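Q: One letter stands for each residue in the lines below.
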Amino acid sequence: MKRIAISIFILVCSVPGLLFAQVEGKKGGVPRLSRQTSACVGCHKIYTPGIVEDWLRSLHSKNTPSSALRKPEITRRISAKKVAAPFENVVVGCYECHSLNADRHKDNFDHMGFKINVVVSPNDCSTCHPVEAKEFSGSKKAHAMGNLTKNPIYHALVETIISKKTVKEGKVLQQEVSDFTRQETCFSCHGTEVKVAGMQTVETKMGRIEVPALSNWPNQGVGRINPDGSMGACSSCHPRHSFSIEIARKPYTCAQCHLDPDVPAWNVYKESKHGNIYLSNYLKWNFNAVPWKIGKDFQAPTCSTCHNSLITTPDGKVVAERTHDFGSRLWVRLFGLIYSHPQPKHGDTSVLRNKDGLPLPTAFTGEITAEGLIDKDEEVRRKKVMSGICNGCHGNAWINNHFIKLENTIKEVDHMTLASTLLLLEAWNQGLAEGLPHGKNSFDETIEQMWIRQWLFYGNSIKYASAMTGAPDYATFKNGWWNLTENLQHIKDWIDLKKKTIPPK
Amino acid sequence: MKRIAISIFILVCSVPGLLFAQVEGKKGGVPRLSRQTSACVGCHKIYTPGIVEDWLRSLHSKNTPSSALRKPEITRRISAKKVAAPFENVVVGCYECHSLNADRHKDNFDHMGFKINVVVSPNDCSTCHPVEAKEFSGSKKAHAMGNLTKNPIYHALVETIISKKTVKEGKVLQQEVSDFTRQETCFSCHGTEVKVAGMQTVETKMGRIEVPALSNWPNQGVGRINPDGSMGACSSCHPRHSFSIEIARKPYTCAQCHLDPDVPAWNVYKESKHGNIYLSNYLKWNFNAVPWKIGKDFQAPTCSTCHNSLITTPDGKVVAERTHDFGSRLWVRLFGLIYSHPQPKHGDTSVLRNKDGLPLPTAFTGEITAEGLIDKDEEVRRKKVMSGICNGCHGNAWINNHFIKLENTIKEVDHMTLASTLLLLEAWNQGLAEGLPHGKNSFDETIEQMWIRQWLFYGNSIKYASAMTGAPDYATFKNGWWNLTENLQHIKDWIDLKKKTIPPK
Amino acid sequence: MKRIAISIFILVCSVPGLLFAQVEGKKGGVPRLSRQTSACVGCHKIYTPGIVEDWLRSLHSKNTPSSALRKPEITRRISAKKVAAPFENVVVGCYECHSLNADRHKDNFDHMGFKINVVVSPNDCSTCHPVEAKEFSGSKKAHAMGNLTKNPIYHALVETIISKKTVKEGKVLQQEVSDFTRQETCFSCHGTEVKVAGMQTVETKMGRIEVPALSNWPNQGVGRINPDGSMGACSSCHPRHSFSIEIARKPYTCAQCHLDPDVPAWNVYKESKHGNIYLSNYLKWNFNAVPWKIGKDFQAPTCSTCHNSLITTPDGKVVAERTHDFGSRLWVRLFGLIYSHPQPKHGDTSVLRNKDGLPLPTAFTGEITAEGLIDKDEEVRRKKVMSGICNGCHGNAWINNHFIKLENTIKEVDHMTLASTLLLLEAWNQGLAEGLPHGKNSFDETIEQMWIRQWLFYGNSIKYASAMTGAPDYATFKNGWWNLTENLQHIKDWIDLKKKTIPPK
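Protein chains in written order, with this note's numbering: chain B, 559 to 1063; chain G, 559 to 1063; chain S, 559 to 1063.
No lab work stands behind these hints: they were computed from the structure. Where hints are given, some of them may not hold.
Claimed, not checked - Ranges between beta-carbon positions, derived for each pair:
{"id": "1", "chain 1": "G", "residue 1": "ALA660", "chain 2": "S", "residue 2": "ASP1051", "range": "54 to 62 Å"}
{"id": "2", "chain 1": "G", "residue 1": "THR724", "chain 2": "S", "residue 2": "GLY930", "range": "25 to 33 Å"}
{"id": "3", "chain 1": "S", "residue 1": "LYS913", "chain 2": "G", "residue 2": "GLY924", "range": "52 to 60 Å"}
{"id": "4", "chain 1": "B", "residue 1": "MET670", "chain 2": "G", "residue 2": "LYS934", "range": "51 to 59 Å"}
{"id": "5", "chain 1": "S", "residue 1": "VAL876", "chain 2": "G", "residue 2": "ILE711", "range": "47 to 55 Å"}
{"id": "6", "chain 1": "B", "residue 1": "GLU879", "chain 2": "S", "residue 2": "SER625", "range": "37 to 45 Å"}
{"id": "7", "chain 1": "B", "residue 1": "ASP668", "chain 2": "G", "residue 2": "ILE711", "range": "55 to 63 Å"}
Said to hold, decoys possible - If you only want the chain S side, here are some residues facing chain G, beta carbon under 7 Å, derived:
{"id": "8", "residue": "THR871"}
{"id": "9", "residue": "ASN954"}
{"id": "10", "residue": "ASP1051"}
{"id": "11", "residue": "TRP1052"}
The model shown is predicted, which means the values in this text are computed figures rather than measured ones. We put the beta carbon where it would ideally sit given N, CA and C, even for glycine.
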């Protein structure tokens, strides 16, 4: 019965005249929707109207690949040289994205007579945006999931933090970690592996329907592993069905993950001079212009200005090329690791090995690994690209001083981290705590947690504050030098007390 | 002398021609102000011009009850079926609100020849908005003050936190708590009891005048007890004299109270995908439309979308009815208590009793009280309303997965709370600390404070992050699993150290 | 070779026809640029286009001093009575600001044939804005650097926090503090002393050029000591080349430095009712109007409304005069010191002496110094100015209650600080810690750090929350009474444990 009702419904939804009238009304023109997308929109206007409205406001609903290709190259948002039929002359609608590469998609299923994928992957987007997809695929973002799970040290850190615990006989025991908790903690940003476990029946407003049963879903982490095997989620930064460049260029997008206490990029930015100008004036700026013109379209940078957008002077001279390899303008890695070091050559960092054979870019005592990181020349080249963007407003003496200061800060903060690491090693050596040298968990005791705070929270904050010449509070009292100093004292106190109350073995 | 000066002044202010000219100028029409409101505005334009300007921008200054009632019902902001004379055909001005139900108002006084109330209460607003006032009156918000003061356990917690302290002979002694500090801490949000202690003379720009002496005032807490005996303050969310639906629908309003570390709703929202879209795009949305249309008026929900606004599809089909009982779309209570549990049936939670007879919805060890909470059917009904709103943009499989994840998170977090509660009970049992079982304060020792942090700060953060599918940092490092884990370790360390330094009695 | 290339370049840039065409295009009129500024703009449009665009949007690029002086006095942004030739009849361009008082500027140098200063100082700005420069020069802001460095107690606090440390033989040893770290921590807000150490060669897009080698630069702290000997940086609040009154009036500007945990002004504001209204509605307000009219231009105050802007009623009656001495409307000093006290008479606070001869406005036990602070009459006068602004919207009874509450809060919080100070003094007296009485560092041990938190973080937060009638969370759980109480317990615990593990000497 329900099945019949649904069939009738689809028929009604799909009556072209009705549908086109609805959509035309929005746009005042005759959009060239594909027959399939017309059907999608016809039903989804009723069942999930929000995403249809979202799409109607997007460039995708108003442009066809061929119309996009007729624009001058520097203003183009499409990087394919040609998009073949049947997509060439229809707007980029539901079916155009959700039907691609069906053979690779384990989440492909029959939905009201159409074979569609639940998840649209970077590989699907590469139909029109191949340059962006390729750049992204080599980045640390694309590898964000594996970089946590394939690295036994990070993996142990993650699982120690997010596992359920029970206290038994005076010991804190780690129990299982659920996929649900993984999904909404570390892997909410790093990305989950979305798997298909057959089909399931779900109740909907139009009756029961069969859809793929996806695990670790929903997820929009940057390193998501998709049911087609590709890595990444374009919707991390171009959310939902507006596919907006404006949203991606606004710092709130980056701020979903780049937040204090561990990655305080947004926190530092909004308290910096650049952030001050942005927050006061951004309503007058143009976040949709391509290319993005210094001074004309914006008067202070956002995250995407420095890290990835195509930036030009007001008269169109290229200052920095667009990139979707988000680390490619960076020479030094500031955050997430015990000490700073040159950027890795490739996004997969699980292959790095420090002098002790551990999968880290530096030793616990700071020595930088010889292989897998970019060399001096590449560092200089990248710093020059970044300086070129600063140069849009700042003179070279200013810029030079800024980067000299940053370099000094990195050294001083890493020195403070080393001071605390030496205390931790002393505690391990003297049997006051148990960690790596004893083959035990290095992240579960109080002194170990204090040590993690030192580099993961306080060191990172100060380095970020320095890198963005801003947020003096993040360099001082808010997870800054105050905390670095106080915490070092606490680590020392912990050792002193432990020595008094537990005689070393 | 002064009295004469004032009288002359009023006379001048009230000259109708002058006044109307002033007000008309703003609006380009002839507003039908009552004679009394004309007098109010005439003086207050000079003495407190800000609130007059605020009101001039409001719908109240531009509509009469009868004009409001001529609108189609679904677009109405007025819920009375009829408003009688003398209010029917004048705009809703100063006198129309500040003169109501004078006999009930202990704060009613003679002000320049008019009998007015200082405080406008929900009961006064119910003249035009009876449905909203009634819904609100049964909510936890309306009972927010009594829920703290009438419950001896919460009361002890509150007073322990905000009392002045002195250290004497090695003991931290609690001294008095002032009404002033109550007013600006817990009861700033929960609401104070505004009392009238006779009249007082105040110096003003027009000389000395007599006004009621109100205690615990100013206050705009949601559970305020007003001088007319009613509960609540509409100005909590519709602030001052603009009575704005736009302000109430923007999350900054909720964010006055629903903030980290204890109620991090706004913090989680702004770091979620919904918050990302809101912050990037809200300037293009319509926060004044009634009904509020998914996709048309907004492209991502704010607090009020999910919790209380009248929501429809773009073509006007009702998705969720308006409600001013703010918990009525919720089935599970996430925050503010040791463990999660089904929502209470009624806003007055001080009547609940756990299995140990304490005024709590659960036992210290988590068992849920049998009475006073909604049943399974009601839980299902409410989840369906909320899911219906999600369904405006999201498919059912997505929504189902989301709520399954939330349920798991609640279980895991409550498990972590239980682990810490068992340690606290051990400490109490072994005489390492003194609490409830000894008839002593359960909230004033270090281990007790750590235990409170576990559920009130860290547990709440993770549950909120899960409920809004957002803010992975609040689930992880920012009062999340990191802190839940670290703090559990600290509780255990405290017990270990105590055992070493104070042999158990 | 390069020198020749540069010369040719300048020639090309300076061709008047070309230049004017470029600039005219922007503005649709014939701007009267000086010959020198034309040359500056000609090159910098190519080399640092962002600042040229910024300037083109400023009032400086559109007005000459003489046109500014033709406006009615109350609407003027210029406070000079007359500006002499050659500046009188040209717009305020690059050269008009960067060439002033060359003889005083150690950073003056020959740049492409023009003698210019790198740094524009308040003394330079005083050419057109003498009243503002004079007011500012006496403020605590202007003296912000010396107030930290000339006061041995604050200096020790600063250096203890931001020095590199090493742990040797169980002791945390302070090492050097670098100017770089000073520059990006405390002195990022307080200001650095910018010194000129000869000339340096820098690589630029147009080849190598000689510029002054500035140390402690870039910096925009409010108490910056400039190469001309003057104090302050107007760009702290009127950033870069837009010199915007709008930016200065928006709270993001103050929020660069007035942030939690030590100075949580912005944090408290944005969570207050005023902040709620601001954040919901500020897009409809006029931040450029001079004077700034209550109710007309804004419906809730921002920082600058209460602290320094020229405020009038909607019909232009002055409510508060403009001031650039930012403490001059304040009677009590809430933050940054152990206890509250009347505001200092002068911005240089290093001259104050408490009863023990220490350079502090109060004793460690709270007694207020007799000299150097404003007297009761002045306190009353200032409170009246501030109340007058509140009175724009609030009645006098409301305002009175507010300030009585604030006074009580200050007393209670200072009482809590005293309780912790007495514990610290006990620890010092009993030899559990070493501080001032032993001629030792008072800021480097754990109990000392806890004591600093008590007043610098928690006390300040509660006082701010009270002063702005807002942010109940900052008064309660977020660095509020919760933390004040918990931390007092920790201080007591520390002493108890120390007594048990280190027998007092």
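Q: For the pair S:VAL876 and G:ILE711, does the Cβ-Cβ distance stay inside 47 to 55 Å?
A: Given about 54 Å between the Cβ atoms, the range holds.
Q: Check the following: the C-beta atoms of G:ALA660 and S:ASP1051 are separated by a distance inside 54 to 62 Å.
A: Holds, at about 56 Å.
Q: Assuming the hint says 37 to 45 Å, is it satisfied by the Cβ distance from B:GLU879 to S:SER625 or not?
A: holds, 43 Å
Q: Given the hint of 52 to 60 Å, is the C-beta distance from S:LYS913 to G:GLY924 inside that range or not?
A: holds, 56 Å
Q: Against chain G, run the beta carbon of S:TRP1052 and see if the smallest gap drops under 7 Å.
A: Hint violated; S:TRP1052 Cβ to chain G Cβ min 10 Å, cut 7 Å.
Q: Range first: 55 to 63 Å. Now tell me if the beta carbons of B:ASP668 and G:ILE711 are that far apart.
A: Hint holds: Cβ distance 57 Å, inside 55 to 63 Å.
Q: Checking hints one by one. Is S:ASN954 an interface residue toward chain G, by the C-beta closer than 7 Å rule?
A: holds, 4 Å
Q: Less than 7 Å between beta-carbons is the criterion; does S:THR871 satisfy it with respect to chain G?
A: holds, 5 Å
Q: Just tell me: holds or violated, for the beta carbon distance of B:MET670 and G:LYS934 against 51 to 59 Å?
A: Between B:MET670 and G:LYS934, where Cβ atoms are some 33 Å apart, the hint is violated.
Q: Given the hint of 25 to 33 Å, check if G:THR724 and S:GLY930 actually sit that far apart at their C-beta atoms.
A: Roughly 30 Å apart at Cβ, these two residues keep to the hinted range, so it holds.
Q: At a threshold of 7 Å, is the proposed contact between S:ASP1051 and chain G supported by beta-carbon distances?
A: holds, 6 Å
The structure is inconsistent with the numbered hints 4, 11, although it conforms to all the rest.
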